[in-house]
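K.L.:
For reference, the chains in residue letters:
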Amino acid sequence: MPKLHVRVQRQRPDTQARYDHFDVEVPDDANVIDVIEACWRQDQNLMYRHACHHASCGTCAVRVDGKEVLPCIVPLAACKPGDMTIEPLRNFPVVGDLVVDVSAFFQRQAAAGMVITRDAEETIDGHPFEPSELLQPDGKLERRHYNRFENCVECGICLSACPTLSATDGFFGPAGLAAVHRAWEKTTDETERAALLDLADREGGVWQCHGAFECSEACPQDFDPAGAIMDLRRALIRRKVGALFGR
Amino acid sequence: MPAPHVVIVGAGSTGSACAHDLALRGLRVTVVERGEFSNATTGRNHCLLHSGGRYAVTDQESAIECIDENLILRKIMPDALELNDGLFVALTEEDLAFKIKFIAGCAACHIPYRELTPAQALAREPLLNPKLLAAVQVPDGVFEPWRFSMAFLASARSNGAVCRSYTEVVELVRHNGSVTGVKVLDRVTGKTETIGCDLVVNAAGPWAGEVAGFGGIEVPVQPTAGIMVTVGRRMNNMVVNRLDKPSDGDIVVPQRTTSIIGTTSWTVTDPDAIDIPPQHIQKMLEKGIELLPEIATVTTRGVGAAARPLIKRARQDERDVSRTFECFDHARDGGVEGFVSISGGKTTTARGMAEKLGDLVTRKLGLSVECRTRNTPLLSYRLFYQ
Amino acid sequence: MSLHSTNRARPRKPLQWIDVRNRRTGMWAFALNRVTGLGLVVYLFLHFVMLSQLFVGRAAWDSFVALARSPLVLAFDVVLFAGLIIHGLNGFRVALNGFGLGVRQQKAIFYGLMAVGAVLLAASTVLIFTI
Ligand SMILES: Cc1cc2nc3c(=O)[nH]c(=O)nc-3n(C[C@H](O)[C@H](O)[C@H](O)COP(=O)(O)OP(=O)(O)OC[C@H]3O[C@@H](n4cnc5c(N)ncnc54)[C@H](O)[C@@H]3O)c2cc1C
Ligand code: HEM
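Protein chains in written order, with the numbering used here: chain A, 1131 to 1377; chain U, 813 to 1198; chain S, 323 to 453.
Bound conformation, chain A alone:
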C-alpha cells in the first residue's frame, strides 16, 4: 500500500483558496480518484465530484500536479510517487474545494444542441459498417447502425486548459464549439446548418480561438475540439467567400 502526501486546494465561494495536507494509504493499483476518496474519508467536508469511475460521466475532472485529468482513469503508477497536489479546474467558478460550477458550461452545451448519441462509424474490429438487424420495441427487426454515446463526456477539461478562456469568459469554449461542429456535421437540414454556423460566427465564437490547441492536447477522450473549431472556420470562410461572389 503506497503512502502518499496529498495537498488539496480548499475553498468556498467567499474564502481565499488554501491548501490542506492529507497523508493517505491506498492500494497499489489505485487510481487518483481513490486518493481523493481517501482524503474525503478523513474530512467529509471535502467537496469533490464523481459518479461513474470509468470516464463516462465526466464529473470528476480536476487538476493533478497542475494538469487537467479525469482522476478515475489515472493510475497512481502514472503519477510522481510520494506526493501530489490536487486543485479544481481553472476558468470555472468554484463552488467548494474541488467542485466547480458547471451551469454556464452546460447552458452553452445545451445551446450548441448536440445530441449525445450518434451512429457508430465502424464496427468493433475496425471495419466499415453493414447495418445490423436490431430488435424494435415490438419485437420486429430493423436494419440500422449501432449507436454510440458521443466520445465527449463534457468534463470541462478543455475549458480549463484553454488560454483564451483564462483571459475572458466571453468565449464559447472548445467543448461548446466542438458540440456545434458535431451538430452541424450531423444534420442535413440546411436552415439548421446555417443557424449553427451563425452561432459559431458570433462574437465569442470560433474567431476568438487563438489556436493554442491545448484543448485537444488535454482531452481525455481524444475528441479534438481544436480541429472542430478550425473546421468550422473553414466552413465559415467558404460561406463568406461564396457570398462575395453572390452564392
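Every clue listed holds true.
Derived pair list, reagent style DMTMM-like, types lysine to aspartate or glutamate, alpha-carbon separation capped at 20 Å: (1) Lys429(S) - Asp1361(A); (2) Lys911(U) - Asp1060(U); (3) Lys1095(U) - Asp1158(A); (4) Lys887(U) - Asp1268(A); (5) Lys1316(A) - Asp891(U); (6) Lys429(S) - Asp1352(A); (7) Lys1057(U) - Glu1098(U); (8) Lys1270(A) - Glu927(U); (9) Lys887(U) - Glu1272(A); (10) Lys429(S) - Glu1347(A); (11) Lys1095(U) - Asp1159(A); (12) Lys1168(U) - Asp1141(U); (13) Lys1003(U) - Glu983(U); (14) Lys1270(A) - Asp880(U); (15) Lys1003(U) - Asp1173(A); (16) Lys1003(U) - Asp1144(A); (17) Lys1197(A) - Asp341(S); (18) Lys1133(A) - Asp1173(A); (19) Lys1176(U) - Glu1138(U).
Stretch by stretch, here's where chain S covers chain A in the computed footprint (C-beta under 8 Å, at least three residues): (20) 1341-1350; (21) 1358-1365.
Keep in mind that the hints were calculated from the coordinates and are not lab data.
Please read all numbers here as calculations on a predicted model, not as lab measurements.
Note that the Cβ used here is the ideal one computed from N, Cα and C, for glycine as well.
Let chain A serve as the given structure and place chains U and S with the ligands on it in line with the hints.
P.N.:
Quick look at chains U and S with the ligands alone, frame taken from chain A:
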C-alpha cells in the same frame, strides 16, 4: 392552499425519478443529496438497461418490470441511451441446456428475443469467443447513469422542484410521533438548517437504514457490494451476457469507448468503505476473457464498486434476494407518520418505482392525482443547469 | 440563448494566459506570439519617438544615429528581429490554421517555421554586426 411539500433524501436514480414523479403530480418537492447528484450506487453501476433477460428464468417478477420500463424509457429518454440490444451467449453444454429455459422465460415475460447461430452472432460481435455454441438476442440497452438521473432531475426542476447537492441530512425532525422535516448540513456554507415538510421520502439507497436511524426508525436494507472492471478499449457492440443463471462476471456492458465487466456480490456493513478484494478484479477479467478473449490484450482502465440497496430477508443467499423494490410506509402497524422509504430495485426500473411511491405518497396526503411519467418525455440532462 | 453567460469565473489570476507550466507546444506558441506581439507594439512606439527626433533637428538626429550604432543597441536590434521573426512566422501559421489549413500538422509547422526563423535570425545577426 399551497401544494403539500415533500423532501426527498438522496438523489440516485430512485430519488431523482421520485422527484420527477411527485413534481409532475403538482407537489412541492425538495431533493437533498449529500454529494454530487447520482454519485453513489447509481453513478457507479453497470449501466445496463435491462431487457429482463437476465432474470427471465430466476426472477420473472423482476424480468417483467425490466422489460416494461425498458420500453417506456426508450420513449421518454431516447437520446440518452445506446440501444444496441444484448446477446446471451452459450459457451458450454450446460449453457446450451439453459437456453431452453431461457427462451421459455423470455416468452413468459413478453421479452422479444431471437435465436442466432454462432456464425450470425460472430458477424454481429466479431470479438466473441469463437467457440460459442449458440446465442440469443434480446433488447438490452445501455444508459449513462449520471445523465440518466440528471434527466429526471432536470424535468423535476422544470416543474418547480428544488434540488440541492452537497446537502446532507443529519437528523429527522419529529413531532408527536410523526416526521415533520429534516435537519440538513450544507457543505458549502457549513451551516445546518431545518427544512419543514409534510412528508419525507427516504431514497438514500444503501444508506436508507442510516437515514431512517436518524429518526429512530428501522429499515431492513442490506448493502450488497459489487465491482465493475472497465477495460481500455470497447470490445463489443452489444451487451454480452453469459447464457446461464446470474453469476459473477457474466456481463460485459459496452459503453462509449470502453467495455465494463461485472459484477460480483458480497455483503458490506458500511457503504462508504467498500474495500475491493483484489481477487474479485482478477475474477472479472477471467470471466470476461471467457466471453471476449481479446480482453486479455487490453489494459484495465478503472475499477469501481457500489453497494446495492437490497432489502434484507432472512436465510437467503445474497444473489437470491429479490431485485424488485419495496416502498415502506412507516405509519403501518402504528409506526411513524410522515416518513416513507423506497429501496431496492434497479436504475432501469426507477420510473416504475417512483410511480408506486407517488401513488403511496399522494394517497397518504389525501390527493388523487394520476401518475403521468409514463408518457411524458424527459428533458435533456443539460437543462438541469438552465 | 446568447453566447454570454452571467456566471463568471472570478476572481481570475492575472496573467494566467501566459502560464506555460504543464502545457504543450501550442500554448508556448501562443504565449510567445502574444509576448512578441506586445513587444513589437512597444518597439513601434519607441520607433516613433526616435523618428520624431527628425523634427528636432539635424544635430539631434546625428547623435541618435551614433547611439544606434553602439553594440548595446545593436544587440537590442537582434532581440527585436528575433521577436519579429518569431511573431511573423508563427502568425503565418496561426493565419493558416485560421483558414482551416494544416490544422492536424500545426505542431510540425510550428517547429518547421521556428527552424526557418533560427536560420533567418542567425543571418540577420551577422548582417547587423557587420554592416
Ligand atoms: C454493482 C452494481 C451494478 C448494478 N448494475 C445495474 C445495472 O446495470 N442496471 C440497473 O438498472 N441497475 C443496476 N444496479 C442497481 C442500481 O444501481 C441500484 O438499484 C440503484 O442505483 C439504486 O439507486 P438509489 O437511488 O436507490 O441509491 P443511490 O444511487 O445509492 O442513491 C442514494 C443517494 O442518497 C445519498 N445519501 C445518503 N445518505 C444521505 C444523507 N444523509 N443525506 C442526503 N443524501 C444522502 C447518497 O449520496 C446517494 O446519492 C447495480 C447495482 C450495483 C451495486
Ligand atoms: C510580420 C508580420 C506579422 C504577422 C504575420 C502577424 C500575425 C499576427 C497574428 C496571426 C496574430 C493573431 C494571433 C492569435 O490569434 O493569437 C497577431 C497578433 C498580434 N500581433 Fe502580429 N503579425 C505581424 C506583425 C506584427 C507587428 C509588426 C506588430 C507590432 C507592431 C504586431 C503586434 C501584434 C499584437 C499586439 C498581437 C496580439 C497578440 C495576442 O492577442 O496574443 N504584429 N499577429
